[in-house]
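Q: These are the residues of each chain, in order.
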Amino acid sequence: MYLQDVKKAYKTEAGDFYALKGVDLKIDKGEFVGVVGKSGSGKSTLINMITGIDRPSSGEIWVNDHAIHGLDENSMARWRGRSMGVVFQFFQLLPTLTVAENVMLPMDFCRLYTPKERRERALALLERVEMAEQANKLPSQISGGQAQRVAIARSLATDPPIVMADEPTGNLDSKTADAVFHLFEELVSQGKTFLMVTHDNELANRLHRVITIADGMLVSDTKR
Amino acid sequence: MLSPRWLKVLRDLWDNKSRTILSVLSIAVGVIAFGGMLITRETILVNLNQAYRASNPSDITIDLGAYDRELIRWVKLQPGVQDAAGLTIANGVMQQPNGTEKDITLYAYADYESMSLNTLKPVSGAYPPGNGEIAFERGSISTTGISGGIGGLSLGDTIQLKLNSDKFYSLRYSGSLYDVNVPGGPAATRANVYVTERTLSDLGIEASPTRLVIQTTPGTSVAEKYALADRLKDELAFRGVTVRAISVNELNEHWAAGTMNGIILILVMVGAVAMVMSGFLIVNVVNGLLLSQKKIIGIMKIVGADRWQIFGVYLTMMASLGLLALVLAIPLSNMLGVALARVLAGVLNFDIVVSGFTPQLAALEVAAAMLVPIVFSASPIWSALRMPAAEAISEVTPRQQTSLIEKMLARLSNLPRTVVLAFRSLFRNNLRLIATMLTLIAAGAIFTSILNLQQGMTATLTRNTGTNNANITVSFGAAINRIAAVNRAMQVPGVTYAEGWASSQATVMRETGEGSTLQLAGGESNSRFVDPPLQAGSRWLSPYSAATRDEIVLTQGILDSEPNLKVGGTITLKRGDETQAFRIVGFMNGPGSQGYGHYETISRFAGTPDMATSVRVATAQTDAAFTSALAEQLRNAFEDANITVISSQDRATLINTVITAFGVIITLMIVVAVLISVVGGLGLAGTMSLSVMERTREVGVMRAVGAESPDLRFMFVFEGLCIGVMSALIAFVLSWPMSVLLGELLGSALRQGAFSPSLNLTGYGLWVLIVSGVSVIASLSPARRATQISIREALAYA
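In order, the protein sequence lines correspond to chains D and C. With the numbering used here applied, the first sequence covers 263 to 486. With the numbering used here applied, the second sequence covers -18 to 779.
Worth flagging that the hints you see were computed from the coordinates, not collected in a lab. Please read all numbers here as calculations on a predicted model, not as lab measurements. Check the hints yourself; a few may be wrong.
Here are the simulated lysine to any residue pairs, SDA-like style, with alpha carbons at most 25 Å apart [as the list claims (entries may be wrong)]:
no.	chain 1	residue 1	chain 2	residue 2
1	C	Lys388	D	Asp278
2	D	Lys273	C	Glu372
3	C	Lys276	D	Gly407
4	C	Lys275	D	Arg340
5	C	Lys275	D	Glu464
6	C	Lys102	C	Pro199
This is chain D alone, in the form it adopts within the complex (with noise of 0.2 Å):
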């Protein structure tokens, strides 16, 4: 993964106001990379950069050699679903969707595997994550910290070898938070490539490399 003098504006009254000031990053397979900042210094930002889930206003994104910044927006919805799960702090399941057809619902828009294919995955990927009880439960039904699991279930239907975290535990609690991050720790060591932004300063101390932001700009990059 490697960013280039990546620069985000967002255009306000009072004129442009600049979220990324030109960051240059570059993150190794199988890295566990934290991301960290106050709130408001650009961090999800970051990572909405690298997800194409939005654009950079200039500068370029290389991952495994895709131009991410030079993908119109269907490539972009097709690629991203492929290589890279992403994992928000407030699950983002959706809510008329059991938690298996949640999972199944990559698989199904990227048109991987066969229905009942897709399914057995679903409940293995689940399984992963101590909720196979749950697969025919609502989001409504089921906790945060369950939510957040079925969430990083769905991260990795489709096989991708990058997973993208905001804030993954930001609304967990500790126990739970720290359920979590070992599963992402299992994931790193099955050798998926792992960026986590997050607030709490316990876990960004158990990451192999944490990136700092402040202001848009990237101010340490601090490797264990």
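Given the coordinates of chain D, assemble chain C onto it according to the supplied hints.
A: Using the frame of chain D, we list chain C on its own:
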């Protein structure tokens, strides 16, 4: 098993039932209006044709002087003739149970039992009428109280009637029958009655046939029909029979088919408009849906759905709503269509036996129900999908620019805050505001235009009957001395002025031979009773002189059969052995083939110089009660002098009868306007629900600072009312041009020349009331929902 995205479609439909119901109703209303009108059309055509064909109709009618029955046998043997029959027709007057007299057309058949052409169907009482008995065409008697038909008759009653003399005869009312081939129905001015030939001779009329009806062999072309008619005419003349008039039913259709097609075309157009309007409701619904699913769309994009896939998900949802709408639309459109067809059939005297709902119409409704939501939602869905995923899932609403209206409202510090908030919300989404108002505007414009046209109907009819503005016209059985006729009319108290007119029937001569038949009328060029609606490039007759004596003005209807005629050209007319060329100086609006020339010329052409076939009079008062009584007195005055009166018709009554018939069309269109306003109300309800949804947080804040339920309710109802009243104001601006346009459409459909509208202020007032009512009702439920929002829920809402 369905894949997750289609499961999402189904669950979204199921989970938000009120939105689903609103959408289904919106689509259904449009499909019901459009499909209903198409079913009306099909139902009428099917039943009209069925009744018409069942009577084994003739397609050539020849009116003759009395002829020998042997002639019919001879006509039947002619090549091209499938069948022929004869009947006698006489005009007369009968005494109605209410004491007034009614003009009648009397049909006498030699044998009712073995009729093969233009067959009659028994309806009530005995059939056929025996000697000394009279049967009424069912459309001529009123059983329902519809104006125009003769009311108060019971089987067995004695009917007083007179034909050529002033002597009244008594006949027993034996029953009623159905004659699909005679123009009639409640709107007709003459009643159609049936007797035997024997009865007719007892009434003093020679019982030899005066009309020959012919059915050509199947597959005869229009040109061949005319050729056959021409040939028969020559042969008949050769045999010494006077041919008075020939008419050919070119398209083999019922006498009302043309008019019906015109009315139905307008109804179908209005139905199509209603369907388009319902499309605008869909826009509202889909915008609400997309707003509530903003985040979900973002998530779908993030997990790998491209824009086309999500587009497919929402379009499928809209199409499913269309399918659901069909559950309502198919039965209700059929009910509406058949009910409307029955109303129209009642006016024109035919029955609705079968519904015209065909598999093709069902397929069309299915297509409409699926396509309308897809077409109208495609653009809002596609543009909503343009939002970047990051913005879609963002918890922060992007700051919007302050609009000019918001800045202006901020200065109005004297207004209550709830009013200011309602106004601000009103202009929050201008596109949605326009979409909501369009339907209400259309309904308001149609409603007020129709009432304008109704108000102008009297003026229109006055103008359309401009070739005879006389308050009363008395027509005689034979031409009488003109001066004597005028003097006699003037002696009747209440008559202020009278003119004697000449008339004649003539045949148009074409280069290839004889053409269609024309009714000629001749009066003074400066007649007080003529103020015709002349077409562009036309003028009325100049004062009579040697140079202008051959001038003629024709009704535009003649162009249907004689398309080559034009202003400045000539028309050669033949009566008996005489032919005469006339110079065409103008065309006037009006149906049929009629010509107006100078009295001197026409009376001479008719072979009755200085004589008159009718007297047109002006009366001291012009109300129907006065003129209809005076018409009776005039009839009596002439009959006292042994002059046969065919009819004595006052214009006010005639116009009232026609207005009643037009009233049906007007009523139908008001129903359509009200239907559209229901569509508008549904749209408004959708918009107000959206407004409540968007302002959930605002409601929470207001609650938190102490707003009570009545304040909140007022705020939303006021917003709805503003939309309604604004739509009414715009509708009023559009109303006049629309009145003119509708007038032209209706006029051309009914071949009457454009109807002139006249400003109907009551209609505008009524619409303000209706639209206010609709707006308040539409806003009440969303407003109530707003009052049920709790502060906690409102502030948690993102």
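Q: Does each hint hold? Answer for all of them.
A: Now the hints, each set against the structure:
no., hint, in the structure
1, C:Lys388 x D:Asp278, "holds (23 Å)"
2, D:Lys273 x C:Glu372, "holds (13 Å)"
3, C:Lys276 x D:Gly407, "holds (21 Å)"
4, C:Lys275 x D:Arg340, "holds (20 Å)"
5, C:Lys275 x D:Glu464, "violated (34 Å)"
6, C:Lys102 x C:Pro199, "holds (24 Å)"
Checked against the numbered hints listed earlier, the structure breaks hint 5 alone; every other hint is satisfied.
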